[in-house]
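Novice: If you're matching them up, the sequences are chains A and B in order.
Start counting the first sequence at 1; every next residue gets the next number (the numbering used here).
Start counting the second sequence at 1; every next residue gets the next number (the numbering used here).
If you are wondering where the hints come from, they were derived from the structure by calculation, not from laboratory data.
Being a predicted model, the structure only gives us computed values, none of them experimental.
Among these hints, one or two may not hold up.
Residues from chain B that face chain A, not an exhaustive set, calculated with beta carbons under 10 Å [to be verified]:
(1) Gly31
(2) Ser112
(3) Ala114
(4) Arg116
(5) Glu117
(6) Leu118
(7) Val226
(8) Pro228
Far from chain A by the CB rule (all over 10 Å, computed), these chain B residues [unchecked claim]:
(9) Thr58
(10) Thr89
(11) Asp121
(12) Arg233
Don't be surprised by glycine CBs; every beta carbon is placed ideally from N, CA and C.
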Amino acid sequence: MSIVNVLRHIVEPGFFASGPVHTALAVGTVIAITSAVTGVFTVTRGQSFAGHSLADISTTGGSAAFLIGVNQFWGYLAFGAGAAAFMEMIGIQRRRGRDVATGVVLGAALGLAALFLYLGSQYSTTTGTSFTILFGSIFVITPSTVPALIVSALLALATVVALARVLLLTSLSPDIAAARGVPVRAVGAAFLMALAVSVALSAVIIGAVLSTALLFGPAATALRITKGPVRAAAAAAGIGVAATWLGILLSYDSYYWPPAGRGWPVSFFVVTLIVGGYLVSYLRRPAARAEPVPDAEHACSAR
Amino acid sequence: MTAELLRLDGVGVRLGGRQVLRDVWMKVHPGEFTGLIGPNGAGKTTLLRIILGLQPVTTGEVLFDGVPRPPRDASIGYVPQKLGIEPDTPLRVRDVVSLGFDGHRFGIRLPSRARRELVDDMLTAVGARRYADARVGELSGGEQQRVMIAHALVGRPRLLLLDEPLANLDISSEQGIVSVLARLARAEGIAVLLSAHDMNPLMPVMDRIVYVAAGRVAVGTADEVVQPEVLSRLYGQHVDVIRVHGRVLVVAAPEGIDPAEAAAEDAGVVR
C-alpha cells in the first residue's frame with residue numbers, strides 16, 4: 001500500500017493518461033537510444049567537436065524553419081545534413097587544428113539563428129517558439145511529424161549498427177581498415193550523416209543548443225563504467241532512455257511545483273540527470289589504469 | 001624452393017617531388033622471416049604501405065601471389081607502428097583480436113563460443129591472455145604489440161607485415177615478441193616481413209635482410225648484405241660495419257673524413 005502511495009506521490013495523477021505524454025515517451029525512447037548509440041561511436045572516433053558544430057548549425061536550421069513556417073525538425077535535419085556533407089567534403093572533422101576557423105563559422109551560424117528567431121517572433125504570434133528551438137519541448141511534438149521522427153531515428157540507428165565493426169576497426173587503425181578493403185572515407189561520410197540525424201532528433205527533445213548532452217552524456221558515462229563496445233552501447237542507451245523518461249516524468253510533475261501551473265522544461269531535467277549520472281560514474285570507478293613506467297624510458301636506457 | 005608469395009619488380013615511388021624509393025626488387029617466400037632494416041626515414045614504412053596497397057607506386061609492380069593488386073582481405077596481416085588509441089576507446093583486448101577476423105565486414109555478428117575459444121587461443125599464443133579483458137588503450141606499448149600481433153594473425157594471413165614492432169620496447173619484451181613471431185612463422189608457414197632500425201634482436205631468426213637506405217635496397221642474407229662495401233654503396237657514403245660482442249653496428253664515417261683515415265682511427269691507430 002505504502003509503495004503505491006509513494007508512487008502516487010512521484011507520478012502525478014494523469015501522467016499515464018495524457019496523450020502528449022504517450023507521444024513524448026514513445027518518441028523520446030527511440031531518439032534516446034539512437035542518440036546514445038551514435039554518441040558512443042562519435043566519442044570513440046574523436047568527433048565530439050563535429051557533433052557540437054552540427055548542433056550549432058542545426059540551431060540555425062531550426063530558426064530558419066520557424067521563420068518560413070516549417071516544422072523545426074526539417075530545419076534541424078536539412079542544415080545538419082548539409083553541414084555534415086560540407087564537413088566531409090573539406091575533411092574538417094579530422095583536423096583539430098582548424099578549431100579557430102570553425103569557431104568563427106559556428107559563431108556566424110548562431111548569429112544567423114538570433115536574426116531568424118528575432119524576425120520570426122516579429123511576424124508570428126506563437127510565443128515560446130524561440131525557447132522551443134533552443135531548448136526543446138517534447139510535449140509539443142506535432143503528431144504529424146511523429147512517423148518521420150521514428151523512421152529517421154531507426155534509419156540512423158540501423159546505419160550505425162551496420163557500420164559498427166568497421167567503425168571500430170577504423171578507430172583502431174585507419175590503415176589496417178583501408179588495407180582490408182574498408183572504404184574508410186565513405187564509411188566516415190555515412191557515419192557523419194547518421195550523426196547529423198541524431199543531432200536533429202536530440203534537438204527535438206531537448207533543443208538544438210543542448211542536443212549534444214543527449215548524444216555525448218550517456219556515451220561518456222557508459223564508456224566510464226563498461227569496457228567492451230556492445231556493453232558500452234547498451235549502457236549508453238539505458239542511461240539515455242532512463243534520463244529521458246525521468247525527465248519527462250519530473251517535467252510533468254513540476255506543473256504542480258512553484259511557480260504553480262507553469263511546469264519546468266524537460267530539457268532541464270534530462271540534462272541535469274545526464275550530468276548527475278556522469279558525476280556518479282566518477283565516484284564509482286577510477287579513470288584509466290595507472291601506467292607508471294612508459295616503455296620509451298626503458299628503451300633509451302637499454303640501447 | 002616454393003613459389004614466391006610476394007614480389008616487387010623494380011618498384012619506385014615519388015612523393016611530393018622527392019624520390020622516396022627507387023629500383024626495389026625483392027621476393028618473399030612462404031614461411032620466410034625477412035627483416036626490413038634501415039635507419040629512420042629510409043623508406044621502410046613507405047615500402048610496407050606499398051605492399052599493403054595503401055601507397056601507389058610510380059614505377060614497377062607489386063605482385064601478391066602472382067596477382068598485381070593487393071588482396072584487400074585477411075591474407076595480409078598488418079601491425080602498424082603506432083596505434084595512438086585513446087584509453088577510453090571501448091575495445092577490450094579480445095574485441096581487438098576478434099576484429100582481426102571480420103572487422104572489415106558490415107552488419108552485426110552474433111557471439112559464438114568457437115570464435116571466443118579461437119580468440120583465447122590466439123591470445124595465449126602471443127602471451128597476452130592475462131589481459132584479455134583489459135581495454136587495449138590502457139596497455140603498455142609492449143602489451144599492445146602482442147595484442148596487435150594476435151589481431152593480425154587470427155585471420156590466418158599468409159603474409160604478416162610489422163612496422164617497427166620493437167621500437168620503444170624494453171629488451172625482454174623485444175626478445176619475447178621476436179621469439180613469438182619466429183615460432184608462429186615456422187609453425188604456420190606464415191611469411192613475416194618486419195621493419196626495424198636495429199637488426200641485432202632479429203639476427204637469430206632472420207632468413208633474409210632487405211636493407212633500406214637513401215631510398216635504395218640491398219637484398220640477401222645477413223652475411224651478404226651487412227658488408228661495408230654493400231652498405232657504403234647503398235648509403236652513398238662510407239660506412240663501417242663493426243662486430244662487437246656478437247652485435248653488429250653500422251656506423252657512418254663523419255663527413256669530410258677520408259675512409260682510410262677513419263678506418264685507421266677505428267682500429268685504434270695513434271698518429
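Novice: So, for every hint listed, does it hold in this structure?
Specialist: We went through each hint and held it up to the structure:
For B/Gly31, the suggested interface contact is broken, since its CB lies about 22 Å from the closest CB of chain A, more than 10 Å. Checking B/Ser112 against chain A by beta carbon gives a least distance of about 14 Å; that is not within 10 Å, so the hint is violated. With 10 Å as the threshold, the beta carbon of B/Ala114 stays out of range of chain A, its nearest partner Cβ sitting at about 18 Å, so the hint is violated. For the restraint placing B/Arg116 at the interface with chain A, the shortest Cβ-Cβ distance is roughly 12 Å, beyond the 10 Å limit, so the hint is violated.
Against a cut-off of 10 Å between C-beta atoms, the interface hint on B/Glu117 is violated, since the closest Cβ of chain A lies about 17 Å away. Taken as an interface hint, B/Leu118 does not check out: its beta carbon lies about 17 Å from the nearest beta carbon of chain A, beyond 10 Å. Given the 10 Å rule on beta carbons, the hint for B/Val226 is violated: about 18 Å separates it from the nearest Cβ of chain A. At a threshold of 10 Å, the smallest CB-CB gap from B/Pro228 to chain A is about 22 Å, leaving the interface hint violated.
For B/Thr58, the condition that its CB be more than 10 Å from all CB atoms of chain A holds, with the nearest at approximately 20 Å. The Cβ of B/Thr89 does not lie farther than 10 Å from every Cβ of chain A; its closest approach is about 6 Å, which violates its non-interface assignment. At the 10 Å boundary, the C-beta of B/Asp121 stays outside the reach of chain A, the nearest C-beta of that chain being 19 Å off. The Cβ of B/Arg233 sits about 27 Å from the closest Cβ of chain A, beyond the 10 Å cut-off, so the non-interface label holds.
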